[in-house]
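Student: Below are the chains, spelled out letter by letter.
There are 2 protein chains.
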Amino acid sequence: MPLSFGTRLRSAMDERGPLCVGIDPHASLLSSWGLSDDIAGLERFSRTVVEALADTVAVFKPQAAFFERFGSRGIAVLEQTVADARAAGTLVVMDAKRGDIGSTMAAYAETFLREDSPLFSDALTVSPYLGYGSLAPAVELARESGAGLFVLALTSNPEGAEVQRAVREDGRTIGATMLAHLAEENAGATPMGSFGAVVGATLGDLSSFDLDINGPLLAPGIGAQGAEAADLPRVFGTAVRNVVPNVSRGVLRHGPDAGALRRAAARFADEIRVAVAA
Amino acid sequence: MPLSFGTRLRSAMDERGPLCVGIDPHASLLSSWGLSDDIAGLERFSRTVVEALADTVAVFKPQAAFFERFGSRGIAVLEQTVADARAAGTLVVMDAKRGDIGSTMAAYAETFLREDSPLFSDALTVSPYLGYGSLAPAVELARESGAGLFVLALTSNPEGAEVQRAVREDGRTIGATMLAHLAEENAGATPMGSFGAVVGATLGDLSSFDLDINGPLLAPGIGAQGAEAADLPRVFGTAVRNVVPNVSRGVLRHGPDAGALRRAAARFADEIRVAVAA
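Residue numbers (the working numbering), protein chains in the order written: chain A, 1 to 278; chain B, 279 to 556.
Hints may be right or wrong, so weigh each one.
If you only want the chain A side, here are some residues facing chain B, beta carbon under 10 Å, derived [unchecked claim]: (1) Arg98; (2) Pro128; (3) Asn214.
Hints in this document: simulated from the structure, not taken from any laboratory. In this text, all values refer to a predicted model and were calculated from it rather than measured experimentally. In this text, a Cβ means the ideal position worked out from N, Cα and C, and glycines have one as well.
Just chain A, with the same shape it has in the complex (with noise of 0.2 Å):
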């Protein structure tokens, strides 16, 4: 039986605190960075991503649509940039978003989540816009494989709201909903669970919704969302230490340079530290 997801990610975040950098290779970055948007500019970006920060960074998080949008041949770099990003001991979260039912929503988690498929990653980020139990397909796969899972509950962007802030008939929002399944489904775990929530960092006092589900709660939104390291601990109250704040653009801007990546990494994570820490 292989260690949990959640197991894995609290060593990891304990021994290089909880930085996840985004894997982001969009046409300006790549423009920026003095490279080609092509199969060799994204081949190269994710490798210098990888290179640079696997060995202090305790999450990686690629981006599948700037893959997906070279076909085949982007997914083939993805391959191979996830399984560089782990064999150099970083874990990674693929953010694909995927959600589905029965049999379909099994297929997209033997793709992320089985330890044989070419793109087998430490957790999957998913959508429940088919309901949270359209999901189990996935939470079961993760939990026989060791991974994870992070589904979108209160996420950064204001559109957002729409959906995630509508009350069901027991007068709960939808995001509240979200956080009650996550919590029943770490009940009991230690040192937490694999099945963690999508909570942007951009959302201000969250102190109406119960964050403590017992699992990681990813955080989009820090720099160039304007979300700020210091925030953190206003925004997730007491659950700020399950928090796994996620920088794209404000560490992979300094780029191509591994050194200015690695200086920017740092400044995030001292930033972090010191802010969760107060």
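We have chain A already, so just place chain B on it with the hints.
Tutor: Chain B in isolation, oriented as in the chain A frame:
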């Protein structure tokens, strides 16, 4: 300027009837066709479906997950399948249920809706958990490239109600909200707009929802999931003329014999024609 997806779809529905056949190469189907659960089996399965049905069926709906589970090599088969189907004159709705924000949503749109992409499809299914507004980059690109979208609104699975029937401050459910956004998107388009909704055929009476969005309604659930063609008028009311009923296993289980696939598709097409005309 290319003809819009709504225009092309209406023509295809008028000429061939509205049936959409899924291309869902999951392991159990490959096995029942006597094929290996690998790239060779995947390729053979997909080619057989396209060759058997491309000249009679209006729309194919490949399910991306069943290709992704083989990684980049599976995506290469998907590229070939989409290209073959479109070359044969069938419309392709890529069932990938993508959803994200900003530049990431734009990258998904480029992947499936940009004409020079290896996965260019006539339309894409998208998931609005991040709010309808998050889909804007896909709406924009679809308008430019003559492609379409199908936004998840009211899905066929029972777990979907948890999210889709939650209520917003204005008293509308999430599902109704998505339908209203789409009606606005399609306003004034003739013969119909390019921005459709996914609405399950299994949902029973939907008369409390305004399904008149002046765009297509992709309706999964017929066959294996328990709905029948005869149910369509009761479920969809006057919007039934815009319904694109999807059948996957109900047709595919008759393979690999091309004649049997064609007969099964023709049977569903006839039942649908009778039901919609009634």
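Student: If a hint holds in the structure, say so; if it doesn't, say that too.
Tutor: Structure-based check of each hint:
1. Annotation: interface hint on A:Arg98 holds; nearest CB of chain B at approximately 7 Å, less than 10 Å.
2. Among the interface hints, the one on A:Pro128 holds; its C-beta lies about 6 Å from the nearest C-beta in chain B, closer than the 10 Å criterion.
3. Residue-level restraint check for A:Asn214 is violated (minimum Cβ-Cβ distance to chain B is 21 Å; threshold 10 Å).
In terms of the numbered hints stated before, the structure departs from hint 3 and from no other.
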